[in-house]
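**Student:** Sequence:
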Amino acid sequence: MKENPINNKILNAAKWSSITEIAAKLVMPLTNMVLARLIAPEAFGVVATVTMITSFADMFTDAGFQKYLVQREFKGEREKHRYANVAFLTNFVLSILIWGIIIIFSEHIAVLVGNPGLGIVIAVACVQLPITAFSSIQMALYRRDFDFKTLFLVRMISLFIPVFVTIPLAFLGVSYWSLIIGTIFMQISNAVILTIKSKWKPKWFFDVRILKNMLSFSIWSMIEAFSIWLTTWVDAFIIASLLSEYFLGIYKTSTTMVNALMALVTASTVPVLFSALSRLQNDSEEFNRVFLKIQRVVSIIVFPLGIGVYLYSDLATQILLGNQWNEASDVIGIWALTSSLMIVFGNFCSEVYRAKGRPKLSFLAQVLHLVVLIPVCIISSKYGFWVLVYARSWIRMEFILVHFVIMKFVIGFPLLNIFRNIFPTAVSAIIMGVTGYTLQKLNEGILWELCSIMICILFYFGLLSLFPYIRKEMIGIGKKLLPNRVVIKK
9 MKENPINNKI
19 LNAAKWSSIT
29 EIAAKLVMPL
39 TNMVLARLIA
49 PEAFGVVATV
59 TMITSFADMF
69 TDAGFQKYLV
79 QREFKGEREK
89 HRYANVAFLT
99 NFVLSILIWG
109 IIIIFSEHIA
119 VLVGNPGLGI
129 VIAVACVQLP
139 ITAFSSIQMA
149 LYRRDFDFKT
159 LFLVRMISLF
169 IPVFVTIPLA
179 FLGVSYWSLI
189 IGTIFMQISN
199 AVILTIKSKW
209 KPKWFFDVRI
219 LKNMLSFSIW
229 SMIEAFSIWL
239 TTWVDAFIIA
249 SLLSEYFLGI
259 YKTSTTMVNA
269 LMALVTASTV
279 PVLFSALSRL
289 QNDSEEFNRV
299 FLKIQRVVSI
309 IVFPLGIGVY
319 LYSDLATQIL
329 LGNQWNEASD
339 VIGIWALTSS
349 LMIVFGNFCS
359 EVYRAKGRPK
369 LSFLAQVLHL
379 VVLIPVCIIS
389 SKYGFWVLVY
399 ARSWIRMEFI
409 LVHFVIMKFV
419 IGFPLLNIFR
429 NIFPTAVSAI
439 IMGVTGYTLQ
449 KLNEGILWEL
459 CSIMICILFY
469 FGLLSLFPYI
479 RKEMIGIGKK
489 LLPNRVVIKK
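Each residue of the sequence shown is one higher than the last, beginning at 9 in the numbering used here.
Worth flagging that the hints you see were computed from the coordinates, not collected in a lab.
You may find that some hints are simply not true.
[Said to hold, decoys possible] Pairs of lysine-lysine, DSS-like flavour, derived with a Cα cap of 30 Å:
1) K301 x K211
2) K83 x K364
3) K220 x K207
4) K83 x K449
5) K83 x K207
6) K390 x K157
7) K157 x K211
8) K220 x K390
9) K88 x K368
10) K209 x K88
11) K368 x K301
12) K83 x K220
13) K88 x K364
14) K449 x K220
15) K364 x K209
Note that this is a predicted model, so its numbers are computed, not measured.
Start from the sequences, fold in the hints, and give me the full structure.
**Tutor:** Take a look at the structure:
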């Protein structure tokens, strides 16, 4: 790969971002394994409802300023800090106002989301809104500067908070309160550490003209965020309203578990991709090259991961959640399979729109998906929980189609290059899936399943190695990401 400063920054950022997510995936599953055995699915359903509300409110308090600060080209540090101050003060004031409104109407909100009597829970949980105002702007500045090493430190500290706060409270039998209190402590930790380590510190500076400049971009980012929130939570809202907390707990815990697993790859690459593409927005050739390269690298892991979890969902559920979550297996399987396709073909397209400074396109994509998603969820829910699960999972393919149309006819991105780009990984993953399915039919038992998983992994990478340019690329990236003293032999 051609050596230049942006490539080195991308690789260094990807290294720290990847280390963060790998470490997170070593700690989080252990925490979830304990909590899933201490807390009933119904309690997770309550927390899912609260999270739906806090994420909705948090969307308005951020106001899209994070993405603006990453995407904007500033003249210097002074201008960047002035914009950061205006963004921070706006966030903080909005968060206080929204929290106050939630406190006043907490019981009405609880009834609206299908959980009457939980008003006090919602009011207390939303204390995190003004707290996150301290960390959101700091996080944007770190990402802009590719300083994922500091974000690694912050994430590591917050990861261990559940071990010392959430799990002990769960042992004391306080149910969903343990999860809510643990989340609040995590937000406090993030805010304190990021503020202490940051070069920029909040100051009492405000300029209406700067706010207007940011809002021209951020209003559309916020509208887009609302459409993303609606896409993410409309299914949970329908389940909470028409079914029960039990099914909501099963559904959201399963999909959250899969999303966390996929985040091992996406959370370490998407922020880096957005930061890199934003710096390259005026260089179309390099922009397309970086996009395709990161998409291909991500597909190497995501495709087999999605197929593997689909095939071995029963084993994954038993290990991670325990016996009381048996019904989660099918949700986990189908959500993992469709997520792998959505990540590679859909999610990265949204980063292209934002990096080009065109968040309206992402909003348009969300709207074109929502006009199909909402009717599908409402109609399928009338036929029961499982019909809704499968309909909700597969309707994501329509979202991918929408992205393809926008990328082709609005952005002018050559779609054929995307399919050529991931062809080796897609073919290798499909053949691996057929192999895994065949191995499952030959024998049963946990030991055989573990052995067949190892066979599938070896078989997949063996197939992938038949494509010389991918093998060479992976070796090159490995040399960059590993310490200099580690020698990779060809």
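**Student:** Are K88 and K368 close enough, with their CA atoms no more than 30 Å apart?
**Tutor:** holds (24 Å)
**Student:** Given the hinted pair K83 and K220, is their alpha-carbon gap at most 30 Å?
**Tutor:** Within the cut-off at roughly 18 Å; holds.
**Student:** With a cut-off of 30 Å on the C-alpha distance, tell me whether K83 and K207 pass.
**Tutor:** The given pair, whose Cα atoms are some 17 Å apart, holds under the 30 Å limit.
**Student:** Regarding the pair K390 and K157, is the alpha-carbon distance no greater than 30 Å?
**Tutor:** Violated, because 48 Å separates the two Cα atoms, which is more than 30 Å.
**Student:** Going straight from one Cα to the other, do K368 and K301 come out at no more than 30 Å?
**Tutor:** holds (25 Å)
**Student:** Is the Cα-Cα distance between K301 and K211 30 Å or less?
**Tutor:** Cα-Cα ~40 Å, so violated.
**Student:** Check whether the Cα positions of K157 and K211 lie no farther apart than 30 Å.
**Tutor:** holds (25 Å)
**Student:** Does the structure keep K449 and K220 at a Cα separation of 30 Å or less?
**Tutor:** Since the Cα atoms of K449 and K220 sit roughly 62 Å apart, the hinted pair is violated (cutoff 30 Å).
**Student:** Hint check: K88 vs K364, CA-CA at most 30 Å. Holds or violated?
**Tutor:** holds (19 Å)
**Student:** Going straight from one Cα to the other, do K220 and K390 come out at no more than 30 Å?
**Tutor:** violated (45 Å)
**Student:** Holds or violated: are the alpha carbons of K220 and K207 at most 30 Å from each other?
**Tutor:** holds (25 Å)
**Student:** Check whether the Cα positions of K364 and K209 lie no farther apart than 30 Å.
**Tutor:** holds (29 Å)
Comparing the model with each numbered hint stated earlier shows that hints 1, 4, 6, 8 and 14 do not hold.
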